[in-house]
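Visitor: Now for the letters of each chain:
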Amino acid sequence: QKEVEQDPGPLSVPEGAIVSLNCTYSNSAFQYFMWYRQYSRKGPELLMYTYSSGNKEDGRFTAQVDKSSKYISLFIRDSQPSDSATYLCAMREEGFQKLVFGTGTRLLVSP
Amino acid sequence: EAQVTQNPRYLITVTGKKLTVTCSQNMNHEYMSWYRQDPGLGLRQIYYSMNVEVTDKGDVPEGYKVSRKEKRNFPLILESPSPNQTSLYFCASSLKLTTNEKLFFGSGTQLSVL
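The listed protein sequences derive, respectively, from chains A and B. According to my numbering, the first sequence is numbered sequentially starting from 12. According to my numbering, the second sequence is numbered sequentially starting from 314.
Accuracy of the hints is not assured; some may be wrong.
[As the list claims (entries may be wrong)] Computed list of lysine-lysine pairs in BS3-like fashion (alpha-carbon distance at most 27 Å, straight line):
no., chain 1, residue 1, chain 2, residue 2
1, B, K382, A, K13
2, B, K378, A, K78
3, A, K53, A, K78
4, A, K53, B, K331
5, B, K409, A, K109
6, B, K331, B, K378
7, B, K409, A, K53
8, A, K109, B, K330
9, B, K409, A, K67
10, B, K384, A, K13
11, B, K370, A, K13
[Unchecked claim] With the Cβ distance kept under 10 Å, some of the chain A side facing chain B (calculated, not the full set):
no., residue
12, Q12
13, V24
14, P25
15, I29
16, R52
[As the list claims (entries may be wrong)] Reference listing, derived: stretches of chain A covered by chain B, where coverage requires no fewer than 3 residues with Cβ under 8 Å from a Cβ of chain B:
no., stretch
17, 54 to 60
18, 88 to 100
For the record, the hints were derived by calculation from the structure and aren't laboratory data. Ideal placement from N, C-alpha and C gives every residue a C-beta, glycine not left out.
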């Protein structure tokens with residue numbers, strides 16, 4: 012079993028839809044949770060960063076962490092074609108110098 | 314412009330021919346790392362460095378070497394490349410990964426070993 016599981020997709024939605032992307036994990040020591048966005052032929056870029064449990068909102072993006080269920084989510088409201096990319100979740104233990112990444116979910120938003 | 318620069322972007326080589334992928338950052342970051350990205354396996358860490366002359370193995374270090382002689386540079390060396398090292402490679406840097414500092418990625422190096 013992988014430490015972090017993520018559905019590879021692709022997830023296809025029409026423009027304006029609400030998108031839900033998810034990851035599950037097995038290591039209860041993870042404390043820091045991140046979402047990275049990766050466009051084709053580009054390096055990942057940090058989208059959202061959350062410490063421990065709870066929600067964080069930034070514009071159209073909301074990140075949720077449920078540590079009791081070992082489950083994190085990224086919601087995208089009013090999705091745009093420019094949101095079409097691969098979304099990678101990443102996690103880290105306190106004091107560790109390593110991020111553990113999910114395999115990424117490919118999102119396609121059609122006009 | 315703050316960035317992580319990798320070279321080359323694309324590289325085709327043959328088995329056993331030593332190669333180096335360069336990585337340079339202009340943000341005075343202490344932490345640097347190399348990842349490889351493969352379909353279905355995601356990003357896996359190869360090596361990382363917490364500062365000059367300090368390097369450590371990640372999850373998949375076999376067949377790779379690194380060095381950190383200067384703060385800004387962190388080259389990845391494949392002494393004797395093999396076909397299973399065909400992959401997309403990313404260099405990344407951060408001020409300090411253990412604080413709330415994000416990881417900046419380069420644009421990637423697509424390596425094919427024939």
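Visitor: Now tell me if each hint is right for this structure.
Guide: Evaluated hints:
For the proposed pair B:K382 and A:K13, the alpha carbon gap of about 34 Å is over 27 Å, so the pair is violated. The suggested pairing of B:K378 with A:K78 is violated, with an alpha-carbon distance near 37 Å, which exceeds 27 Å. Proximity of A:K53 to A:K78 is assessed by CA-CA distance (about 31 Å); at most 27 Å being required, the pair is judged violated. Taken as a hint, the A:K53 and B:K331 pair is honoured in the structure, with Cα atoms around 25 Å apart against an allowance of 27 Å.
Annotation: proposed proximity of B:K409 to A:K109 holds, straight-line Cα distance about 11 Å (limit 27 Å). Proposed proximity of B:K331 and B:K378 is supported: the alpha carbons are some 11 Å apart, at most 27 Å. Only pairs whose Cα atoms come within 27 Å are accepted, and B:K409 paired with A:K53 is accepted, the gap being roughly 23 Å. For the suggested pair A:K109 and B:K330, the alpha carbons sit about 30 Å apart, so the restraint of at most 27 Å is broken.
For the given pair, B:K409 sits about 22 Å from A:K67 by alpha-carbon distance, which is consistent with the 27 Å threshold. Between B:K384 and A:K13 the alpha-carbon distance is near 33 Å, which puts this suggested pair outside the 27 Å criterion. A threshold of 27 Å between alpha carbons decides the hint, and for B:K370 with A:K13 the separation of about 19 Å falls inside it, so the pair holds. Contact between A:Q12 and chain B, as hinted, is not supported at the beta carbon level, the nearest pair being about 14 Å apart and thus beyond 10 Å.
For A:V24, the suggested interface contact is broken, since its CB lies about 22 Å from the closest CB of chain B, more than 10 Å. Interface restraint check: A:P25 against chain B, minimum CB-CB distance 27 Å, threshold 10 Å, status violated. Interface restraint check: A:I29 against chain B, minimum CB-CB distance 25 Å, threshold 10 Å, status violated. Interface hint status for A:R52: upheld, as the beta-carbon distance to the closest one in chain B is roughly 7 Å, under 10 Å.
Check result for the stretch 54 to 60 of chain A against chain B: holds, 5 residues qualifying (beta carbon to beta carbon below 8 Å, three or more required). A count of 1 residues in the stretch 88 to 100 of chain A with a Cβ less than 8 Å from any Cβ of chain B is obtained; the coverage claim is therefore unmet, three being the minimum.
Of the numbered hints listed earlier, those contradicted by the structure are 1, 2, 3, 8, 10, 12, 13, 14, 15 and 18.
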